[in-house]
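Residue strings, one per chain:
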Amino acid sequence: MNTEPENFEALQKLLKIKKHEQPPPGYFNELPRKVWMRIEQEESRGSFWNRWFQAFGLKPSVAYAFGLIICGTLIVSIGSALKTAPESTASHSLPQNESFTSVPLSPPAISKIGAFPEQEFTPTNPVTSGEPLYPGMKLRVEPVSFNP
Amino acid sequence: MSAPIAELLENPTTKPGTDDLTLVRRAQSGDAAAYDELMRKYQERIYGTLYHMTSNHEDANDLTQETFIKAYRVLNTFKGDSSFYTWIYRIAINKTINFLKQRRNKVHMSLNDLDFNAEHDPDLVALVSDKTPHRDAGLSELQEKLNEAMQKLSKPHRLVVTLHDIQGLSHEEIGKIMDCNVGTVRSRLFYARQQLQAHLSNYLKH
Numbered sequence: 001m002n003t004e005p006e007n008f009e010a011l012q013k014l015l016k017i018k019k020h021e022q023p024p025p026g027y028f029n030e031l032p033r034k035v036w037m038r039i040e041q042e043e044s045r046g047s048f049w050n051r052w053f054q055a056f057g058l059k060p061s062v063a064y065a066f067g068l069i070i071c072g073t074l075i076v077s078i079g080s081a082l083k084t085a086p087e088s089t090a091s092h093s094l095p096q097n098e099s100f101t102s103v104p105l106s107p108p109a110i111s112k113i114g115a116f117p118e119q120e121f122t123p124t125n126p127v128t129s130g131e132p133l134y135p136g137m138k139l140r141v142e143p144v145s146f147n148p
Numbered sequence: 149m150s151a152p153i154a155e156l157l158e159n160p161t162t163k164p165g166t167d168d169l170t171l172v173r174r175a176q177s178g179d180a181a182a183y184d185e186l187m188r189k190y191q192e193r194i195y196g197t198l199y200h201m202t203s204n205h206e207d208a209n210d211l212t213q214e215t216f217i218k219a220y221r222v223l224n225t226f227k228g229d230s231s232f233y234t235w236i237y238r239i240a241i242n243k244t245i246n247f248l249k250q251r252r253n254k255v256h257m258s259l260n261d262l263d264f265n266a267e268h269d270p271d272l273v274a275l276v277s278d279k280t281p282h283r284d285a286g287l288s289e290l291q292e293k294l295n296e297a298m299q300k301l302s303k304p305h306r307l308v309v310t311l312h313d314i315q316g317l318s319h320e321e322i323g324k325i326m327d328c329n330v331g332t333v334r335s336r337l338f339y340a341r342q343q344l345q346a347h348l349s350n351y352l353k354h
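So the sequences go chain by chain: A and B. Per the working numbering, residue 1 is the first one in the first sequence, and the count goes up by one each step. Per the working numbering, residue 149 is the first one in the second sequence, and the count goes up by one each step.
Mixed in with the good hints there might be a few duds.
Unchecked claim - Derived pair list, reagent style DSBU-like, types lysine-lysine, alpha-carbon separation capped at 35 Å:
| id | chain 1 | residue 1 | chain 2 | residue 2 |
| --- | --- | --- | --- | --- |
| 1 | B | K227 | A | K34 |
| 2 | B | K249 | B | K189 |
| 3 | A | K13 | B | K227 |
| 4 | B | K303 | A | K83 |
| 5 | B | K300 | A | K19 |
| 6 | A | K16 | A | K34 |
| 7 | B | K227 | B | K293 |
| 8 | A | K83 | B | K249 |
| 9 | A | K19 | B | K303 |
| 10 | A | K83 | B | K227 |
Keep in mind that the hints were calculated from the coordinates and are not lab data. None of these values were measured; they are calculated from a predicted model.
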């Protein structure tokens with residue numbers, strides 16, 4: 001790296017031209033005013049979200065407070081949801097004395113399904129608490145063949 | 149801070165002579181007059197640097213305004229680790245480098261007029277005298293050629309010439325602003341001058 005002083009004297013003289021370049025008269029008197037006007041304009045027309053994020057950027061405490069509120073709301077919501085959940089589950093629970101009969105679907109039973117006699121069935125849907133879905137209507141079992 | 153700004157625009161009152169850090173602390177606490185004084189103190193140097201970097205008055209004007217607006221927005225982040233002068237210079241230079249990257253090679257010069265003193269500067273008079281090969285070259289032509297040559301330099305080289313040879317900053321100050329050591333500043337300055345000399349050889353021969 002060669003940084004030995006060379007004869008830049010003529011260049012230095014030429015560069016003095018740059019020092020004489022001046023903006024239009026009065027420019028520097030007006031510049032601060034223009035800056036303030038732009039700051040004012042930007043502040044007044046700043047969108048809601050811009051101001052929102054700026055507030056976060058300039059004041060981290062606002063961001064922390066907002067985060068805290070969101071977390072608090074979330075915790076309270078989850079807590080209240082868990083509190084009401086057992087009640088609603090209980091309303092859908094089965095009566096304790098209800099008896100159920102299960103139909104075994106073992107291969108011998110399936111093979112005899114064709115000879116299944118007509119009989120009345122009680123719906124096993126727990127929501128209806130044992131009440132027939134269609135009162136007075138007899139439900140039939142239709143034999144179904146799974147063989148092609 | 150809208151009310152103080154409106155008040156300031158109607159009745160600009162500044163108290164010159166206060167040191168930068170005091171003004172910054174006052175501005176940080178919402179004193180618009182303090183920031184106004186900081187602006188008035190540094191506007192010429194900031195504008196000058198940006199003008200010499202862009203060779204365009206309109207671009208320099210926009211960038212200067214944006215620099216002061218940005219500095220005002222982030223003033224609370226100024227902790228006083230460096231001088232306000234160095235801090236705002238960094239903002240200005242970062243803005244300008246980004247602007248020049250976008251502008252790439254599309255240089256559109258819009259040069260300021262030379263002041264009255266230029267015609268009476270003995271060094272400049274000598275340049276346009278019979279010692280110059282281009283005897284008919286007036287100051288305006290020299291100004292244009294010099295700006296063209298400046299725009300041919302890389303951004304770091306142009307910046308170091310601007311800050312040292314035109315603005316008169318020391319190597320140390322430039323190092324702080326450009327975030328590099330003094331050796332790098334000296335080296336860049338040397339190569340920048342060499343390149344300028346080569347570009348302007350026709351106007352520098354004796």
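Cross-check of the supplied hints:
At most 35 Å may separate the alpha-carbon atoms for a hinted pair to count; K227(B) and K34(A) meet this at roughly 27 Å. Taken as a hint, the K249(B) and K189(B) pair is honoured in the structure, with Cα atoms around 28 Å apart against an allowance of 35 Å. With a C-alpha separation of about 40 Å, the suggested pair K13(A) and K227(B) falls outside the 35 Å cut-off, and the hint is violated. Straight-line distance between C-alpha atoms of K303(B) and K83(A) comes to about 66 Å, which puts the hinted pair past the 35 Å bound.
Taking the CA atoms of K300(B) and K19(A), the gap is near 19 Å; set against the 35 Å cutoff, the hint holds. With a CA separation close to 30 Å, the supplied pair K16(A) and K34(A) stays within the 35 Å bound. Restraint check for K227(B) and K293(B): not satisfied, since their Cα atoms lie roughly 42 Å apart, outside the 35 Å limit. Among the hinted pairs, K83(A) with K249(B) is inconsistent with the structure: their alpha-carbon atoms are about 60 Å apart, more than 35 Å.
Using a Cα cut-off of 35 Å, the hinted pair K19(A) and K303(B) holds, with the two alpha carbons roughly 19 Å apart. For the hint pairing K83(A) with K227(B), the CA-to-CA distance comes to about 50 Å; that exceeds 35 Å, so the pair is violated.
This entry does not satisfy hints 3, 4, 7, 8 and 10, going by the numbered hints stated previously.
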